[in-house]
Amino acid sequence: MKAVVIIGAGPAGIRSAQTLMAHGVRPVLLDEAARGGGQIYRRQPENFKRSAVKLYGFEARKASGLHQTIDALRGQLDYRPETLVWNAEDGALDTLHEGRAARLEFSRVIVATGATDRILPVSGWTLPGVYSLGAAQIALKFQGCAIGERVALCGSGPLLYLVAYQYAKAGARVVAVLDSSPFSAQARALPGLLSQPATLAKGIYYRSWLTAHGIPVHQGATLKRVNGEQRVQSVEWSNAKGEHRLDCDAVAFAHGLRSETQLADLLGCEFAWNPLNRAWLPQRDHAGRSSVAEVYLAGDGAGIMGADAAEMAGERAALALLEDIGYLIPPQRPDSLERSLQRISEFRNGLERAFAFPEHWASETADEVVVCRCEEVLAGDIRKVVREGHWEINRVKAHCRIGMGRCQGRMCGAAAAEIIACESRRPVSEIGRLRAQAPIKPLPFGLEVEP
Amino acid sequence: MAVLKRLAEGDRPAVEFTLDGEPASGLLGDTLLTAVLTCSEHLRGSDFSAEPRAGFCLMGACQDCWVRLGDGRRVRACSTLLEAGQQISREPGRTL
Amino acid sequence: MIEVDAVIIGGGIVGASAALFLSKAGRRVALLERDFCGSHSSGVNYGGVRRQGRPLSQLPLSQRAHELWGQLPQLIGIDGEYQRSGHLKLARSLNDLHALQHYAVSSQGFGLDLQLLDRHELRARFPWVGDVTAGASFCPDDGHANPRLVSPAFAQTARRHGAQVHEQCAVTAVEHDGQRFRVSTQTGLELHAPWLLNCAGAWAGTLAAQFGEAVPMHAGHPAMLVTEPLPLVMNASTGVEGGGIYARQVARGNCVLGGGQGFALDDARARPGQHAVIEILRQAVELYPFLEGAQAIRTWSGTEGYLPDRQPVIGHSSTQPGLLHAFGFAGAGFQIGPAVGQALTEIICSGASKTPLDAFSITRFHSISVA
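Chains as they are written, first to last, in this note's numbering: chain Y, 1 to 451; chain W, 1 to 96; chain P, 1 to 371.
Simulated from the structure, these hints should not be mistaken for lab results.
Here the structure is a predicted model, which means the values were calculated and not measured.
Think of the CB as a built atom: it goes at the ideal place given N, C-alpha and C, for glycine as much as any other residue.
Any given hint could be a false lead.
Distance ranges between label pairs, derived from CB positions [stated by the list, open to error]:
#1 Val233(P) to Glu83(W): 28 to 36 Å
#2 Asp367(Y) to Val233(P): 29 to 37 Å
#3 Glu448(Y) to Ala268(P): 31 to 39 Å
#4 Thr187(P) to Leu276(Y): 27 to 35 Å
#5 Asn235(P) to Gln76(Y): 54 to 62 Å
So here's chain Y without its partners, still in its complex pose:
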């Protein structure tokens, strides 16, 4: 019999699994990680001892709740950790687990693939000691490490202040927080943010805590370059007052998050341009149904809304799936989930205004900046192809290899789109969408194949 499958054991995937199990449907839960929890509630290895409060702060209860759920469920559902879904076609998922390739036919699938940092490269970002904000957080949560002795945290988005707070609290030396969005944008965003006062309060708390503990926080501060020979030695940044230089041995930066959409693409989901995410996203209705009848989308993998929303969307998508295969579901629950999701969505609008996308990044990025760290493609290489008359992103990729490397454009795709749009004087929504190609992550020669 074909399985009901969930891809991804983060907040969305775990809540989906729980909801299906509660109705007597036993799904297969596939996850790349060894332990469920996803990235934001990334779980430390089993022999680590820090408490949830130490690891997740205000979110300790949610993180523990999620971890307990997967622990309670794992014996009952068909849970397959350390399993990569590298391809999807023809009603089946192609997986890789410990060097063995296998095929899993599905009757329905919930795609909960999460997100990674959205990166806008600066000169020097490939140096050892430069990490994404998400990476900085994972180093601490998952390994008890800071990314360096003197850390500069840069970019924008809610993660910026959260990571700064977590780092400082854990005893790391944060030399500065450089927030690219101006204070004025954050003031303007306040009405939207008030729809989730508790979340807003946490953000304000982190920031005040940092200031109270003498950690310099600069707004409207743009990271210009990272200097160093074999590793980070300093950063240069600018604000309205001028150019500055700051010694440090580590930098973390990002501008919010981007959805992992490759599997939704391979599964045939229709995509639409989403101005708020500034990205092409697989289309989903309020319940999480995609344009493909058997495919459901939940969590940040189909648009960034955060972990709370992911939990709700995971449950909602599972309820939709159950309804579609003829199960009775609690009549009030879908509405209540959708109303909560709607409130978070309003807050998310506010966040996007507060942490405004740096529209000038593309025009201000020098030709010499490496945009694609896999293929070492420079901003100037992309611009040259655009000047030859190409503007569609897959065509630009074909000509200069942007997004063609091991990571398949995960790190550079958003940045490349901005540069192509800027150079071709088109809106970023009108240069096309990088098509996903299997394998969505590298696939080794010499793998064994399950018959």
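Here the structure of chain Y is known, so what remains is to put chains W and P in place on it, guided by the hints.
Relative to chain Y, chains W and P alone:
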């Protein structure tokens, strides 16, 4: 020298491994990335300019932390846990 | 309304070459491409630039193409990563080696200079080839190039020589009013010309059928993949006698491998498919053991037209004067494409191609009923 700095969870058993043939030591529960970058400064050389790289995303997305193990397998350092006796080697990369 | 000497439908390497040579000969040309020039088979194929292994009837054209490839930078302004690495055709059995010997004998006189290697010689000369091979035939001047760069560059160069190149410009109607063709496009263009070149690849059958020349063409979707950059090992492009996988390594270190068939997503898009990808990975480590442990980082496919005899249609329509066909290259059009463009140009400019095209006449299908 090191890139990463340990702040917590220091009281774990040591795990011996080799890095490019030299003896090295990490802690039980370290990823290969943590074990290597708490005692040295890079994980691999870039493919086209042999520049040092030390990973970037730590969540299996950027593919910039691949290292080779003694048995010939290549693994992502950020998502592979350290085991005693592992022989980790770093690829120098190339200049094109 | 646009008045030109020739309208070319299809911006692949064949159509774009025709546009380039016609423009250089002073003809007014409009090249119409539904998508982007060189974005389908011509741009996503394996990149083999190979004469070895072609049917003998193709060798005169292929040899001509070989000369054009030799002047690629002068022709299209880029080197296109073209290298004459040599092409090594491997035999997995003594039977296959005999077939290679037979081909070497029968193709003598076409200038391929094939060298037959027994197991021992193969091992000595190409130590990276796996033990499963019984020998090989080596064509020293064959090679490979980057189709993503080369095919669009033909169109770009044609444009520089005065051709009108219209991309994202699907043809909606074609008719002949007794004197000339009238071609309308989705973008609202109307073009008139005495010559119409059907270079529409896998989609060329529709136009042929409209002029009463239906052909039994089917679409195929060769599966391809590329590895991460690896140390340089392969100093020749390779194939296997009797089918199987083919592989080459580019200067940046990536190995490009192909073999087997993928599937169509829709009329224009295709994917390589899990089955073909796994099969390439499996066969590759037998034939090229150095790939063990390397990673495949990307796969793709395209849409290519195949006729039952796996030979193209090139030349005059037999029903409509002024209509020229050039399609159905069965996954082997990249090398020969520039010479086909040149031959079509000769038909228009001097009445006949210098290279015989009789073997490729569309009339060979006229007695076959098309399902």
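Report task. Sort out which numbered hints this structure fails and list those numbers smallest first. Result -> none
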